[in-house]
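Heads up: the sequence lines are chains A, B, C and D, in that order. Each residue of the first sequence is one higher than the one before, counting from 137 in this note's numbering. Each residue of the second sequence is one higher than the one before, counting from 137 in this note's numbering. Each residue of the third sequence is one higher than the one before, counting from 137 in this note's numbering. Each residue of the fourth sequence is one higher than the one before, counting from 137 in this note's numbering.
No lab work stands behind these hints: they were computed from the structure. Quick caveat: nothing in here was measured; it's all calculated off a predicted structure. Don't take every hint at face value.
When chains are identical, the list treats them as one kind, so a pair holds in a single copy or across two.
As the list claims (entries may be wrong) - Cross-link-like lysine-lysine pairs, in silico, DSSO-like; alpha carbons within 30 Å at most:
1) Lys206 <-> Lys332
2) Lys206 <-> Lys140
3) Lys333 <-> Lys206
4) Lys260 <-> Lys333
5) Lys260 <-> Lys140
6) Lys140 <-> Lys333
7) Lys260 <-> Lys332
There are 4 protein chains.
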Amino acid sequence: MATKVRAQLVGATGYGGLGILELLLGHPNFEISALIARDDAGRRIDHVYPHLTGRCEMVVQGPDDAEIGKDCDVVIFATPDRVSQGYAADLTSRGVRFIDYSGDYRFGNTEDYARYADRHPSIKESTHTTPDLLSSAVYGVSELNAAAIAEAPIVGNPGCFAIGIVLGMAPLYAEGIIQDGTVIVDGLTGSSGAGKKPAPTQHFSHLNDNVIPYRVLNHQHVVETEFTLGRIGESTAATVDFIPHLLGTTRGILNTMHATLTRPTSRATLMERYRSFFAGHPFVRVLDEPPTLKGTLGSNYIDLSVFTAEGDRRITVMSSIDNLMKGQSGSAMQNLNIMFGLPQTTGLDRGPLYP
Amino acid sequence: MATKVRAQLVGATGYGGLGILELLLGHPNFEISALIARDDAGRRIDHVYPHLTGRCEMVVQGPDDAEIGKDCDVVIFATPDRVSQGYAADLTSRGVRFIDYSGDYRFGNTEDYARYADRHPSIKESTHTTPDLLSSAVYGVSELNAAAIAEAPIVGNPGCFAIGIVLGMAPLYAEGIIQDGTVIVDGLTGSSGAGKKPAPTQHFSHLNDNVIPYRVLNHQHVVETEFTLGRIGESTAATVDFIPHLLGTTRGILNTMHATLTRPTSRATLMERYRSFFAGHPFVRVLDEPPTLKGTLGSNYIDLSVFTAEGDRRITVMSSIDNLMKGQSGSAMQNLNIMFGLPQTTGLDRGPLYP
Amino acid sequence: MATKVRAQLVGATGYGGLGILELLLGHPNFEISALIARDDAGRRIDHVYPHLTGRCEMVVQGPDDAEIGKDCDVVIFATPDRVSQGYAADLTSRGVRFIDYSGDYRFGNTEDYARYADRHPSIKESTHTTPDLLSSAVYGVSELNAAAIAEAPIVGNPGCFAIGIVLGMAPLYAEGIIQDGTVIVDGLTGSSGAGKKPAPTQHFSHLNDNVIPYRVLNHQHVVETEFTLGRIGESTAATVDFIPHLLGTTRGILNTMHATLTRPTSRATLMERYRSFFAGHPFVRVLDEPPTLKGTLGSNYIDLSVFTAEGDRRITVMSSIDNLMKGQSGSAMQNLNIMFGLPQTTGLDRGPLYP
Amino acid sequence: MATKVRAQLVGATGYGGLGILELLLGHPNFEISALIARDDAGRRIDHVYPHLTGRCEMVVQGPDDAEIGKDCDVVIFATPDRVSQGYAADLTSRGVRFIDYSGDYRFGNTEDYARYADRHPSIKESTHTTPDLLSSAVYGVSELNAAAIAEAPIVGNPGCFAIGIVLGMAPLYAEGIIQDGTVIVDGLTGSSGAGKKPAPTQHFSHLNDNVIPYRVLNHQHVVETEFTLGRIGESTAATVDFIPHLLGTTRGILNTMHATLTRPTSRATLMERYRSFFAGHPFVRVLDEPPTLKGTLGSNYIDLSVFTAEGDRRITVMSSIDNLMKGQSGSAMQNLNIMFGLPQTTGLDRGPLYP
């Protein structure tokens, strides 16, 4: 590739923006055309984040000072819900592709989007403003939708909890052996998924050494999870009971997933099917031992394992990801590689930070 | 009470021994007759634990230097499995009551003990050495068995995970509305339940910021949980799928429990039944919001809440305890109060340490 | 004591207010006449802090709804700087004693207060509004000023860093062996000293696993430290270079203090003098080993140790406290006991929470 | 470079071995000829460290099964003290260069080594077994000794505390403005410097939320610090009072260093001199704000800042490093690059992991 892909980053100063910025800085085939954000506009990004000293001196531009979609091959919206909707029509009409971190373009139809919006605390009951563009957007789980992502004008980057559940359960739905209505997931997440804005729940003295269940049985990521799993294989519907738990740690999501099988299947058989399902996917690792939260820290891996009980009729699947990597910017980078015809691992080949 | 109850503490230098020692030191009606332990015998307990400086200067005696059960009203075995079995016949024949922290006297029969031993990594396939004493032992969940505990020669103090699950599910089993075979529990625990002995899993660099699932679907505490829940109300059997997760925090257990109900029941109704079931029990708090791990830290409380989903047919119950208090020494103190006719809260009325 | 001391608590919903509330709830000789706070006025305190469920159901009153100083024997201002100044004249004229958590009444003169205010980020360059009352206020280090505290109409509760440094260095200043201008202190603090208000520095994702030095050589607590040490023994001045470091932990302050002695003195001699200086003071523990942060957690202890180097001419003193106990509400409770003629340990005799 | 440098790694299964293994795996110009270790010999390295799954499947060889120094261009001893001494004569005689992580080859003479050994808990009073080789070893602070490292047959990789102090104070010693006998350092370290072997001090329940001062004024790293600083510029001696503090965090060292200057120098002047001293050194960052522990996490940076007090006569310097990177394997990699004529940043250009 002679010339580099020019990426414009909107929402550059949040944790999502920071994550993709760092990946782009280390990527041989991308360059950043502009950093755009409402907060900290006018400041150098290494003054906003001192750990970037010596690595990037770009100045953050306000959304009014920079034209979204100008002078770039792709726009990355690391922004809250309903931001990219405001630019989507203009961008697609000009032929500028984009990837969005929010729920704006994860659903192919307005009904599912409405279900999602209804559960989302900050956009409750909103309706989609560009319903006609939903069908041209692809849900960005690289392992499931690579061909479509490669061509898509719009990619909806998955939710952090969702990707861990979707990849964890996909082989079982593909096999058609999940008894409907039996899926239960306890999700454990570090604090960084909530972003950099101070809030009582994220206050150190409150969260340190704590576990805080929240949005019990009512988290918005369930919608895209059910939507996606329900379309895999011969399934037609999927129901997921999901309870997120906020942990006193910074990074990582560990999902523990339970289900009843329609026919008894041994652990050995299931492990073999998982390995076969994910063969050739460089970021999925099927482990003999239970995955640990720190086993994927800082990397784009998703670690999986499967266990069975009660005569191999009940199963427990666990998945571990770094919520800011595979759960966010790592997946975005993987999708961007796919969108521009690069190997999925380019710029992403770093191992977990351990210990 | 004119004279104080004299308690002999065996296993005094582990975390379990430390916990009950501290409670006894602050208790108006108990005094400690001897501290006995294999480790650190001959040392002052405040040299073993410098945070006790100024609070206790007793010297730890080795098990060979002190006679178990001599000069005391009760023996507290804060010891590993199979230690108290060796003294039980002698103690009961001499009329000395005891309470044991291990699984030795949690089961009324040898079959359930064998199931337990089979799952326990360090006593695998052991058989009970005093089967005839099992029927005179009471399982020490204070809220369920107070009358029997008051008279019991032997009390088997509950396992830390077990008590959180048992109390969390008891009202539902009493009501008879749990569909059998549907109970799934994800348990989250701090590190202190594993005791003070250094081990790779408990090594700081490994555990910090980590979540480590272990003994997936095979933890020994399930046996007493099923045994106990199965005998509540009109139930005859209970099955629990249980996955423990070790967290990078020191104290606390949060159990998230799932089940399907035999008949739809609203959250309001369930909450009311929980409050009524636990009325008069000073350490059980039924909360409107999900309990948090830190909400019980350092106290003997168990915090509970119930949520429903899918037309009130699926429920999620959460319970939070301090694993070293309600999950161990706090329950032991509560049981000792009951055994000696004292109010359950004596010496236990301290609030959680927050923040 | 037949009747209880009635205490009115202003600033009831911050961490400082919470700390003294919990101590008062467990105190046999105090009762709370009112909880007053600007934030959360109108809410039950156990709804603000769910961990208080079952322990206190009082409703927080707004400062406009409750008369400060009415119907009580003492007012406790757990409030920011410059709040108690507004009520001081009225209270003292009515003969109502009060204790204040801020720097308002820590200094006997306006010059030192001005130095303090000048360094304090939120009250920069303020002047004292009741300069005539400063001479009737006592700086509340219980171990140094008990007699004066017992009679004082106003007690200025010490700053959290200051009390650890003052008590750590007091025996050396009393001995007159500190070479002036040589005192250097590195202070390490948990996050809770900054209170419950969310802020970027206290944001979990930023602070977790971090150490953040701040206000380097410019922290306001230095003023009361120098003021107090400079008046001990035959000293006339004290200078302290102080660097606070914020740690990713919730509670505790560990100060490591360095100085050059005017004459070589062995560690053994110094330890003996520390023990003799603090004889009869129940909350000061002089340890052979270095104190640890967690060794005082949740208790009112201050743990100290002294080491020497370079021919016994250089010394290092370390002190550990729980910043919310001995560093704040514990000291306040100790001072209140002294003010009302009670043993210093009443309501404060709880050991550290370990592990 | 057509062919890759072949590196043999001894002590491959400790944290030090793991660190350099991961760097070598991602390095374009190195390849690993063998992994050698006493522990876990015969196991695949990704079975020892599951987070390496998919990244390295090499089998660890026991020290008896593999010949040290065979079939390689360089040997990396990530081993405890006194291991490399046993192979040094053989390796140098065969012309095989090596780098050693311990104190074995940090000193150019036996006297300083003896001072070091005397302070080191595990090698107390040992004498060096290859005194004649000491003069051909270079102390591996890349920023100070690059020319010598490039040619050295033996490189003694610096101690983790030492490198942060040496680089932090070097510009001042070069300037000749440190008043001798005034340097005091409080060092804060994460747990990983103690390695992977479980121990009471590293036990999670003990260390979590704790600060534990240790080897007060007696840490062995002081010897190489004084040795090195004393030889910079026109200095002839350096004395450092050093107090290490173990923190409840995994990675990172923050040193807070104090000294008195021989002549007043403003902060602005000092900062300018630091920037000039380290110009061209890619891993040294001089920051306007105090460095934070997490600001260097996972990277090879050392972040520095300088502050002055008392009429610019007293200074405080702070440095932050990742103890396993710049404090160990990162420096080793940097030295290896220098030894083999590669740019210092090759294989090391990764930014800190934040948040």
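- Query: Which holds for Lys333 with Lys206 at a C-alpha limit of 30 Å: within a copy, between copies, both or neither?
  - Reply: within (29 Å within a copy, 41 Å between copies)
- Task: Can you give me the call for Lys260 and Lys332, within, between, both or neither, at a CA distance of at most 30 Å?
- Result: Both. Shortest intra-copy (22 Å) and inter-copy (28 Å) distances satisfy the 30 Å Cα cut-off.
- Is the C-alpha distance from Lys260 to Lys333 at most 30 Å within one copy, between copies, in both cases, or in neither? both (20 Å within a copy, 27 Å between copies)
- Is it within a copy, between copies, both, or neither that the alpha carbon of Lys260 lies no farther than 30 Å from that of Lys140? The answer is neither: 40 Å in one copy and 51 Å across copies each exceed 30 Å.
- Item | Identical-chain pair category, Lys206 with Lys332, by Cα at 30 Å | Answer is within: at 27 Å inside a copy they meet the 30 Å cutoff, but 44 Å across does not.
- Message: Within, between, both or neither: how does the pair Lys140, Lys333 come out at a Cα-Cα threshold of 30 Å?
- Response: neither (33 Å within a copy, 45 Å between copies)
- When no copy is named, should Lys206 and Lys140 be tagged within, between, both, or neither for a Cα gap of at most 30 Å? Within one copy, since 16 Å is at most 30 Å while 44 Å is not.
In summary, the numbered hints that this structure violates are 5, 6.
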